[in-house]
Amino acid sequence: MFVSYKWLQDYVDLSGISPEELAEKITRSGIEVEGIEVSGKGIENVVIGHVLSCEKHPEADKLNICSVDVGEEEPVQIICGAANVGKDQKVAVAKVGAVLPGNFKIKKAKLRGEASNGMICSLQELGVEGKLVPKEFAEGIYNFPKEAVVGEDAIEALALNDSILELGLTPNRADAMSMLGVAYEVGAILDRKVQLPELDYSQSEGRASDRVTIEVEAEKENPIYLAKVIENVKIGPSPQWMQSRLTAAGIRPHNNVVDITNYVLLEYGQPLHAFDLDQVKTNKIVVRLAKENEKIETLDDAVRELKPHHLVITNGEEPVAIAGVMGGANSEVSGETTNVLLESAYFAPASVRQTSKDHGLRSEASSRFEKGVDPKRVELAAERAAQLLSLYADGDVLSGTVGTDKMDKTEKQLSITLEKINRVLGMKLTVDEVLDLFRRLQIEAAADQSTIHVSAPTRRGDLIIEEDLIEEVARLYGYDHIPMTLPVHETKPGGLSARQQKRRLIRQVLEGAGLMQAVTYSLTNDQKAKEFALDVREPVKLMMPMSEERSNLRLSIVPQLLESVSYNLARQQDRIAFYETGSVFLEESSSELPREDEHLAGAVTGLWHSHAWQGEKKPVDFYAVKGVLDLLWERLGVIEDIRYEQSREEHLHPGRTAAIYLKDEKIGYIGQVHPSKQKELDLKETYVFEVKLESVYTYETAPLHYSAIPRFPSIVRDIALVVNSEVLGGDLERIIKHAGGSLLKSVKLFDLYQGEHMEKGKKSLAFSLIYMDPARTLTDEEVVKAHEKVLHAVKEQAGAELRG
Amino acid sequence: MEERLKQLKQEATAQVEEAVDLKQLNDVRVAYLGKKGPITEVLKGMGKLSAEERPKMGALANEVRDDITKSIEAKQQLLEKAEIEKKLAEESIDVTLPGRPVNSGTHHPLTSVIEDIEDLFISMGYTVEEGPEVEKDYYNFEALNLPKGHPARDMQDSFYITEDILLRTHTSPVQARTMERHQGKGPVKIICPGKVYRRDNDDATHSHQFMQIEGLVVDENIRMSDLKGTLNTFAKKMFGEDREIRLRPSFFPFTEPSVEMDISCKICGGKGCSVCKGTGWIEILGAGMVHPNVLEMAGFDSKKYTGFAFGMGPERIAMLKYGIDDIRHYYANDQRFLTQFGQKEIK
Chain X
1 MFVSYKWLQD YVDLSGISPE ELAEKITRSG IEVEGIEVSG KGIENVVIGH
51 VLSCEKHPEA DKLNICSVDV GEEEPVQIIC GAANVGKDQK VAVAKVGAVL
101 PGNFKIKKAK LRGEASNGMI CSLQELGVEG KLVPKEFAEG IYNFPKEAVV
151 GEDAIEALAL NDSILELGLT PNRADAMSML GVAYEVGAIL DRKVQLPELD
201 YSQSEGRASD RVTIEVEAEK ENPIYLAKVI ENVKIGPSPQ WMQSRLTAAG
251 IRPHNNVVDI TNYVLLEYGQ PLHAFDLDQV KTNKIVVRLA KENEKIETLD
301 DAVRELKPHH LVITNGEEPV AIAGVMGGAN SEVSGETTNV LLESAYFAPA
351 SVRQTSKDHG LRSEASSRFE KGVDPKRVEL AAERAAQLLS LYADGDVLSG
401 TVGTDKMDKT EKQLSITLEK INRVLGMKLT VDEVLDLFRR LQIEAAADQS
451 TIHVSAPTRR GDLIIEEDLI EEVARLYGYD HIPMTLPVHE TKPGGLSARQ
501 QKRRLIRQVL EGAGLMQAVT YSLTNDQKAK EFALDVREPV KLMMPMSEER
551 SNLRLSIVPQ LLESVSYNLA RQQDRIAFYE TGSVFLEESS SELPREDEHL
601 AGAVTGLWHS HAWQGEKKPV DFYAVKGVLD LLWERLGVIE DIRYEQSREE
651 HLHPGRTAAI YLKDEKIGYI GQVHPSKQKE LDLKETYVFE VKLESVYTYE
701 TAPLHYSAIP RFPSIVRDIA LVVNSEVLGG DLERIIKHAG GSLLKSVKLF
751 DLYQGEHMEK GKKSLAFSLI YMDPARTLTD EEVVKAHEKV LHAVKEQAGA
801 ELRG
Chain W
1001 MEERLKQLKQ EATAQVEEAV DLKQLNDVRV AYLGKKGPIT EVLKGMGKLS
1051 AEERPKMGAL ANEVRDDITK SIEAKQQLLE KAEIEKKLAE ESIDVTLPGR
1101 PVNSGTHHPL TSVIEDIEDL FISMGYTVEE GPEVEKDYYN FEALNLPKGH
1151 PARDMQDSFY ITEDILLRTH TSPVQARTME RHQGKGPVKI ICPGKVYRRD
1201 NDDATHSHQF MQIEGLVVDE NIRMSDLKGT LNTFAKKMFG EDREIRLRPS
1251 FFPFTEPSVE MDISCKICGG KGCSVCKGTG WIEILGAGMV HPNVLEMAGF
1301 DSKKYTGFAF GMGPERIAML KYGIDDIRHY YANDQRFLTQ FGQKEIK
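Protein chains in written order, with this note's numbering: chain X, 1 to 804; chain W, 1001 to 1347.
Keep in mind the hints are simulated off the structure, nothing from the lab.
Don't take each hint at face value.
[Claimed, not checked] Just the calculated beta-carbon pair ranges, DEER-fashion:
no.: 1; chain 1: W; residue 1: 1164; chain 2: X; residue 2: 748; range: 54 to 60 Å
no.: 2; chain 1: X; residue 1: 712; chain 2: W; residue 2: 1073; range: 42 to 48 Å
no.: 3; chain 1: X; residue 1: 738; chain 2: W; residue 2: 1098; range: 45 to 51 Å
no.: 4; chain 1: W; residue 1: 1322; chain 2: X; residue 2: 435; range: 44 to 50 Å
no.: 5; chain 1: W; residue 1: 1236; chain 2: X; residue 2: 151; range: 58 to 64 Å
no.: 6; chain 1: X; residue 1: 623; chain 2: W; residue 2: 1164; range: 47 to 53 Å
no.: 7; chain 1: X; residue 1: 408; chain 2: W; residue 2: 1123; range: 51 to 57 Å
no.: 8; chain 1: W; residue 1: 1030; chain 2: X; residue 2: 748; range: 50 to 56 Å
no.: 9; chain 1: W; residue 1: 1164; chain 2: X; residue 2: 435; range: 42 to 48 Å
All C-beta atoms, glycine included, are put in the ideal place defined by N, C-alpha and C.
Input sequences plus hints: build the corresponding full structure.
This is the structure we're talking about:
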């Protein structure tokens, strides 16, 4: 809602309050003022001029030589390029020395040999938005009405020096969608009186009810429908002040009749519609729900199909308007209109909302009906418009109003105790203070001891429950006056759940190991949603996606991380390492919420380690990433039950991928992205992992317990085992551990060899075994015995020979 | 003989002085103190002395030997030290060259902001609650006083999956679910962070996916002044002790009264600048007293219980804290952006 500071002064005395101060006060007590605009700010030396003569420039087809009276002794010569300039027009003249928006300075000039001492301006050149300029002047210079006074300041005449306050209205404050509503608000804030418009005007002898009949068939959707008839109107431009006010409010001026309906809409918040009564043809209005397959051509020249839940205004035969949304082309007010039927109605908010949504039409009218207009203003607004039509369109207003009014306009009665107000706010207000606040709001209130009874006016449809009254009190009294306290109650310790602590630990460990936390989108395209998924199934899909790229919920985080890897590769990053924790979404049944599993994923490529000046450069490999995960398992206390198994996964390198098991459950994978997939995504050698965190979170870790530092020496035995190439190191290690018994404290691989000194198809794995007994020094014999068992086992179970 | 001993002492001391390395010094030792050295020679001649002179000379000879030994030892220490220093000097390196890099990742800036806020409220006795990102219409809207047909819940603004299931548009459903779990018994004192989704085209200030963090306190006798005090504590801890707050009336369907909180602009100190659009104030969050309908729907007696709630956007908080100018940075995962947040901010 745009509020003209000048216009507002018609209703509230604003003396001593600057637009800026007013904006601050309105913001502090209820409605955010999002900005203050002065569209002609800084423009000077632009006056109203009278074009005395206008001749074609002899040297240029498109230029005119104009002699313009600007209220000085001599007329000035101005060369004007506008196609619509002409003799006898009243125009805006920027004199030499004027500065227009965009720091455009007007200087003396010569155009094709002819002197030009100024510029005749379009409204756009004076800072008016193009879409608000009346259509006839949209492509050229502006013409003032004939009665404009030559030599007067044009900016003043156009009210472009007015301050326009832009109110950001929250949905509850529909009452402030009118100048009168804003006046009540400002009156309350400043504690000043609100002056309502005087509505007296002379009516003609004829009765409106003799001229038209109104029938409302859909009372639920249309509880009030009132009409007035104005005859013999003269269509023309509306007065300059009215045009300026409409422009300031963001509405384009058309002609006096249309402008007046819009003016009253802005003033009272009551949308009106003017029909050309002769085009309605039947002198009859029937309001009803549309019929199946009924059509109407609306003012914007579009043919619209109607549905049976759309409320329409008809002439008894065919629709002439979509109620509250848009008028029909067949009954539009035009230059030839002489008799007007003025409609003022209350259309049910839900009905208008649905209809305007169905047609994709939101207008100043529909946005007010949708929120519910003040039923008491329906008739007042009709009277106000009739008054203005008689004044500014020379119309004869037939006496009386035709129509039906079935709406209950009783004011809602609310009661609240002072104790409750003070208890909720944490304040110590008195009954008198509270009553005074309602007086300022012009809301009837009375106290019965400490209970306050409030009669909520129909213009304030947002006052429904006690809490609404508390808000009125608080906002007008001022939130600055509320003290600052902290809740007084039994204090319990706050904290993170085990799951939340583990999540933070995961972040710490992975970041400590060099991975950067990424956050990617949950929505992706159909293909990416499914790729790399641990649980392969159809992804959850949106009903109405905004784009194919964001249409499915992800089943895996990896594809999005790879996208981030590509993005960074393209930006010359030589080491890219990401992890992300987040939900993936698994549909269980279409009527239930999908299962949301928290996953951890990672993607690493490029240099794992580099230290250039010492010549160290190590690209990432499978084991670098596996090492990071192992560190994580250790810190989470699950490593004892973690196992990797050679695995094949879609889009992963068949020889460089492992499935990760926690106990017997496969919880994830780690591997290199398949070379063909790497190529498709423009990636270099890239390793990824994805893990389901649920089982990790719920794993019961053994409590930490100290074990004594060994006091007896340990004995180290290194063995190099030659095995067939296919034998897995992990299997060998398991065999050794199992066979070594309780004395074998640790097994560590320290060498892997396959190459020219090795028989083809064989490899050598060297392990370091540590034997120890915490209670005593081991004898050689005991170690030899245990060690032999190990050697026997690896030979039996893996065909391993000691390397010679 | 006495002369000879004194002369030897003088000669030896001089040679010790002249020795430039340990080898030369050792030569001096062997030359003077060795079995074939001159002092031994002198001592061998002791037999010729009288009984009175013998002990005198003996003592003198010993004294000379001790003195030479001491001077050799002292010199030896000096030489050894010099030798070590020489060796260390040869080992010296350019300490200004870069160290071997240790890989280190970073928290995403949004995570940092969320964890800071979580920790602050945990210190005031809050717990952290989470809920599903795909929600039932009931929890996302109805339970929050947004009945079907309410203008603020337009289909156009939300990502629906079925008529009744959608991507949550705020983290408020976690409040509704938590209150419901409490079965009408206070206190509820929670903070709920998480991802939310709205039908917005991604641009510098809009993102179809973003974060929210909300707080909720429900108990008997929770007052609006408690909300103001809590928000004041938050603003000062989060943005600096010198910040002021102001509450402005606003509207949310799930709170009444509803307010928005501004903090004084740090950049201009409240005088007005481009960041605060000349107002001296920056909008931070929305808040209010929990609407009685919301309490009742979650099973709380609104006659007995009151509560406050507040909610904010970590993206906006991080933008203000760090001067980030485009919301898309948070989701592009550009390492050149992310690495800027490696430093842990300690206040």
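Taking the hints in turn, this is what the structure says about them:
no.	hint	result
1	W:1164 to X:748: 54 to 60 Å	holds (57 Å)
2	X:712 to W:1073: 42 to 48 Å	holds (44 Å)
3	X:738 to W:1098: 45 to 51 Å	holds (47 Å)
4	W:1322 to X:435: 44 to 50 Å	holds (49 Å)
5	W:1236 to X:151: 58 to 64 Å	holds (59 Å)
6	X:623 to W:1164: 47 to 53 Å	holds (48 Å)
7	X:408 to W:1123: 51 to 57 Å	holds (54 Å)
8	W:1030 to X:748: 50 to 56 Å	holds (53 Å)
9	W:1164 to X:435: 42 to 48 Å	holds (47 Å)
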